[in-house]
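Number of protein chains: 2
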Amino acid sequence: MYRSHTCGELRMEHAGQEVSLSGWMFRNRDFGGMTFIDIRDRYGLTQLVFNMDDDADLCAAARKLGREYVIQIVGSVRERSNKNPNIPTGDIEIEVKSLTILNESKIPPFTIEDETDGGDDLRMTYRYLDLRRSPVQKNIIFRSKLAIETRKYLDAQDFIEVETPFLIKSTPEGARDFVVPSRMNEGQFYALPQSPQTFKQLLMVSGFDKYFQIVKCFRDEDLRADRQPEFTQIDCEMSYVHQEDILNTFEGLTKHLFKTTLDIDLPDFPRMTYDDALRLYGSDKPDTRFGMQFVELNPLVENSGFVVFDKSELVVGVCAPGAASWTRKQLDALTKWVQRPQIGAKGLVYVKCNEDGTFKSTVDKFFDQEALQNWANAFDAKPGDLILILAGETDKTRKQLNEVRLHVGNELGLRKKGEFKPLWVLDFPLLEWDEDSNRFHAMHHPFTSPKKEDIPRMLNGDHETMKSLRADAYDLVINGVEIGGGSIRIHDRDLQSRNFDLLGFTKEEAEDQFGFLMGAFEYGAPPHGGIAFGFDRLCSVLNGIESIRDFIAFPKNNQGRDMMIDAPAYIDDGQLKELSLEVTAKKEA
Amino acid sequence: MYRSHTCGELRMEHAGQEVSLSGWMFRNRDFGGMTFIDIRDRYGLTQLVFNMDDDADLCAAARKLGREYVIQIVGSVRERSNKNPNIPTGDIEIEVKSLTILNESKIPPFTIEDETDGGDDLRMTYRYLDLRRSPVQKNIIFRSKLAIETRKYLDAQDFIEVETPFLIKSTPEGARDFVVPSRMNEGQFYALPQSPQTFKQLLMVSGFDKYFQIVKCFRDEDLRADRQPEFTQIDCEMSYVHQEDILNTFEGLTKHLFKTTLDIDLPDFPRMTYDDALRLYGSDKPDTRFGMQFVELNPLVENSGFVVFDKSELVVGVCAPGAASWTRKQLDALTKWVQRPQIGAKGLVYVKCNEDGTFKSTVDKFFDQEALQNWANAFDAKPGDLILILAGETDKTRKQLNEVRLHVGNELGLRKKGEFKPLWVLDFPLLEWDEDSNRFHAMHHPFTSPKKEDIPRMLNGDHETMKSLRADAYDLVINGVEIGGGSIRIHDRDLQSRNFDLLGFTKEEAEDQFGFLMGAFEYGAPPHGGIAFGFDRLCSVLNGIESIRDFIAFPKNNQGRDMMIDAPAYIDDGQLKELSLEVTAKKEA
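Residue numbers (the working numbering), protein chains in the order written: chain G, 1 to 589; chain W, 1 to 589.
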């Protein structure tokens, strides 16, 4: 070992001991006769002292040390005269007797400090230096801890971690697969898994009963901000369970993770149906850290002569507490904000609930004070509140008002960091009709079971009936972020086959792609269901950070590139030939 | 829940309780008035009783249950009159009150028993049924337990598990990569990692200090028996360590795994140099469960007139204890065995050490009893032993004699199942000369450090000097199987660059492929080293089983195919077009 202790370990009790430390030169302060150096490693910082009077050569050598030099020292621990209560080693310092430079360092392209001066691209190119910064290191260490606690909990509950294969088969359903050409099977390809879905179901057929895996998954999608082509799931499946059992098990896991990583005791998670979530929040992943639930005004605004309301399928609003004091400028900005193409509302109606009990609205021409009072009652609005109303086609208007609610929630500081509000959203539709492709899509995935009571209607119903089918599908939402989702699965061949029919598969396609699964259902498949958590997302939500990239050691950028290793890259012709492939794109210079 | 208890849980203390169980119909025995059914799940078996007198309909329904039907029952626990001491639930049975068939099963294509009648291909095609067999399930559960104990140990030692990327860059060095075409970066490819080697070294540069990961790795090699294109490693790296620190840490891990999974306390692991391993066993992974070390006879056989020995670089043998009684037929068979092309020896000389103190050899014409007595002394052979001797070129002959030693060890029952002999093999050469390509290859990998004292010779030496360089590289061998290997790494840019030169990289190639790593070495790279264990192999060695496939839930066959899901497969032209690819091979019908 190049050290007897780490740089975060020494305390007053070590005073008088001779120790060796190794680490990075973090700070160098020269006070004429004395030189102080902070040496740093993953565990902390320790102050080193060099004294001109004791050893001028050694002190001179110390002064020459550059930032990020890797050094090893031997010295004795002593009490500091000038203690630093902000760091755990702040009571002591090391009187250095010998110094070895283990490696030098060029001047880093950005500062290795908590707040760095490096831009995003530069930090990604030198990610190994970015990862040396304490906040980034803490995130990665947090992730490791979260994985350990996940495994601890699930192991204690008799879950078995089973590794499923990475080289599997491409299926056109769902997102785009990454594929892997097979050299030994010319012209054929493996695909990287988008999730271990079918394998975990097969493990239930095999009798593994409780499965989990913390596993990489892959999706070749156009990368929106904060999507990664490779991401990590906590993937779980259980046999002989109903929805209730799964919710309880994974609510337990989530509570355990909050307790062990943040020391937060979460109360039991509220539940809400998908329909209610859309009605009350315009979203299937509502941020319930704050109220501002939707109130539908249609009965109160009928036949007012205000044509915008009269012709709208839905008139719906939220009440922003204490926002009546917003200026005309603020309200105009908000109106412009909702009219941006990203939101797409035509306009915004607002009602100020004045402190004197009167109301001032943008629709005073059409609604008198009594009418506005009725609205205020519907919202339970208090003097000083601001009512914001949108109108239009139901689905679109709800989506727009969801954006307004979140935006205003931010403005009012209602989405508090450090506060956590989990919510189970239940009873998702089984199928959703897609106008573009003129067919049904699975809302969750094609293996999701309809609710038991809906099965007869699914087997015999007409088109409209299909739209009304509900699934035993559920999402876990925290602070408006979907961190997990799952369902009870189909375990009956005929029902699975019917579902593939509804999703537009021909019998041949279904057999070709999922024949092995339907076959498995014929040999004693138990009832089963499961859930998958987005592990990267879970890390970021627990830390109140938006970007998942902060919790991935070596993330890719929005073009799917690893800027550090410069991948993807061209491969040589020999490799292509072995794979029986030709590239049709022209090589860029 | 479809059950109140599992099928392995009920004991006498539950007698009188009403319980519900769910599981698979395992055995059905009909005794006229009574029907006994064993219901099975992952946890065990429980006996169910149906009585014609109590409920004729229920009993009739039970009789009709087929093998592997999934059933749910409700009933009451009672003491068995006829106890079965072989199973944990053998004291009780369930008097069934209601029976629900949760799913039916066709007759499985092979029996779901500990010993099955299914052939390899059939079991792989229906792997989900094969995995339902208890011994296979136990293997997969063992693997899960081994992973948990690995993480427990390393976590307690402050190791951080960090996920490294799967979509990386192809490097022509080493084995063949699986590549992944990038859609967003036309004509470019990612590669799947053969190991996270460079990433874990970068994590050391980042200051993570102690890293591990249980991680899938990929190699597109022609699959010999028991190789898999995807396999799992316990991958580890530490900073500020010497070889000794790594050996101690991972000897500790290995002891922990043996203790917690097999309840075996391993004594401290012996160590042997690479040179000694080759000299004494003809292999860098000797099976040290038994002796039969090589004895070199050259000084004893000089100028005998026996031309085979006289012209041989090496005359070397082993002494097989108690094998003097082998018949002429057995010895002829052994001689033929060594002459097979797989072994390739020209012939085999043997000396029987008779019980009366005389010797009978195949070379009595050239060597008298006194000479043979000298040989016997060199082998420390006792009356009743058999000395087996090969001669020829040193490397080849050692390899051949290694095969002989292992083969005879098997014949004599010296390679005992349940006995474990770990061994550290140390001081591997840094480079090996490859006659075919007329260049050096890295014995371990290009990032391995030469021993400190060899660095000056490496920087300045000639060709012959390079062959003599030793590395801080080590393998952990158990029972003749290499289960782990690693090295102290280079952390200096110039030394790394010199190594790439020696390995035949041009400056441009080295920069193009590993520029990021050499760049990282310029910004304060600490001394570091690590090790990787073959996790699949570790599972199989701990269980005394040869095949790693028995410990992989969904393995591939020797053609790299997953027979269950039938992958790899052709993908459609649209997918190829999006990837800017054309397949040059003809599609098979």
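Read the hints as simulated data drawn from the structure, not as lab findings. Don't take every hint at face value.
[As the list claims (entries may be wrong)] Every beta carbon over 10 Å from chain G, so not counted as near; a handful from chain W, in silico:
no. : residue
1   : 104
2   : 116
3   : 121
4   : 182
5   : 245
6   : 258
7   : 279
8   : 333
9   : 526
[Claimed, not checked] Taking CB as the label site, the calculated pair distances span:
no. : chain 1 : residue 1 : chain 2 : residue 2 : range
10  : G       : 57        : W       : 460       : 21 to 31 Å
11  : W       : 573       : G       : 174       : 13 to 23 Å
12  : G       : 1         : W       : 460       : 22 to 32 Å
13  : W       : 156       : G       : 122       : 34 to 44 Å
14  : G       : 509       : W       : 122       : 23 to 33 Å
15  : G       : 245       : W       : 264       : 49 to 59 Å
16  : G       : 509       : W       : 54        : 47 to 57 Å
17  : W       : 305       : G       : 1         : 32 to 42 Å
18  : W       : 544       : G       : 12        : 50 to 60 Å
19  : G       : 264       : W       : 95        : 25 to 35 Å
20  : W       : 522       : G       : 264       : 40 to 50 Å
21  : G       : 174       : W       : 141       : 53 to 63 Å
22  : G       : 504       : W       : 264       : 25 to 35 Å
23  : W       : 156       : G       : 12        : 20 to 30 Å
Values in this document were obtained by computation on a predicted structure and should not be read as measured data. All C-beta atoms, glycine included, are put in the ideal place defined by N, C-alpha and C.
Hints and how they fare:
{"no.": "1", "hint": "104", "in the structure": "7 Å, violated"}
{"no.": "2", "hint": "116", "in the structure": "14 Å, holds"}
{"no.": "3", "hint": "121", "in the structure": "15 Å, holds"}
{"no.": "4", "hint": "182", "in the structure": "4 Å, violated"}
{"no.": "5", "hint": "245", "in the structure": "5 Å, violated"}
{"no.": "6", "hint": "258", "in the structure": "20 Å, holds"}
{"no.": "7", "hint": "279", "in the structure": "32 Å, holds"}
{"no.": "8", "hint": "333", "in the structure": "36 Å, holds"}
{"no.": "9", "hint": "526", "in the structure": "5 Å, violated"}
{"no.": "10", "hint": "G:57 with W:460: 21 to 31 Å", "in the structure": "30 Å, holds"}
{"no.": "11", "hint": "W:573 with G:174: 13 to 23 Å", "in the structure": "19 Å, holds"}
{"no.": "12", "hint": "G:1 with W:460: 22 to 32 Å", "in the structure": "30 Å, holds"}
{"no.": "13", "hint": "W:156 with G:122: 34 to 44 Å", "in the structure": "37 Å, holds"}
{"no.": "14", "hint": "G:509 with W:122: 23 to 33 Å", "in the structure": "26 Å, holds"}
{"no.": "15", "hint": "G:245 with W:264: 49 to 59 Å", "in the structure": "38 Å, violated"}
{"no.": "16", "hint": "G:509 with W:54: 47 to 57 Å", "in the structure": "50 Å, holds"}
{"no.": "17", "hint": "W:305 with G:1: 32 to 42 Å", "in the structure": "59 Å, violated"}
{"no.": "18", "hint": "W:544 with G:12: 50 to 60 Å", "in the structure": "53 Å, holds"}
{"no.": "19", "hint": "G:264 with W:95: 25 to 35 Å", "in the structure": "48 Å, violated"}
{"no.": "20", "hint": "W:522 with G:264: 40 to 50 Å", "in the structure": "43 Å, holds"}
{"no.": "21", "hint": "G:174 with W:141: 53 to 63 Å", "in the structure": "31 Å, violated"}
{"no.": "22", "hint": "G:504 with W:264: 25 to 35 Å", "in the structure": "57 Å, violated"}
{"no.": "23", "hint": "W:156 with G:12: 20 to 30 Å", "in the structure": "26 Å, holds"}
Figure legend: structure checked against the earlier numbered hints; hints not met, in rising order: 1, 4, 5, 9, 15, 17, 19, 21 and 22.
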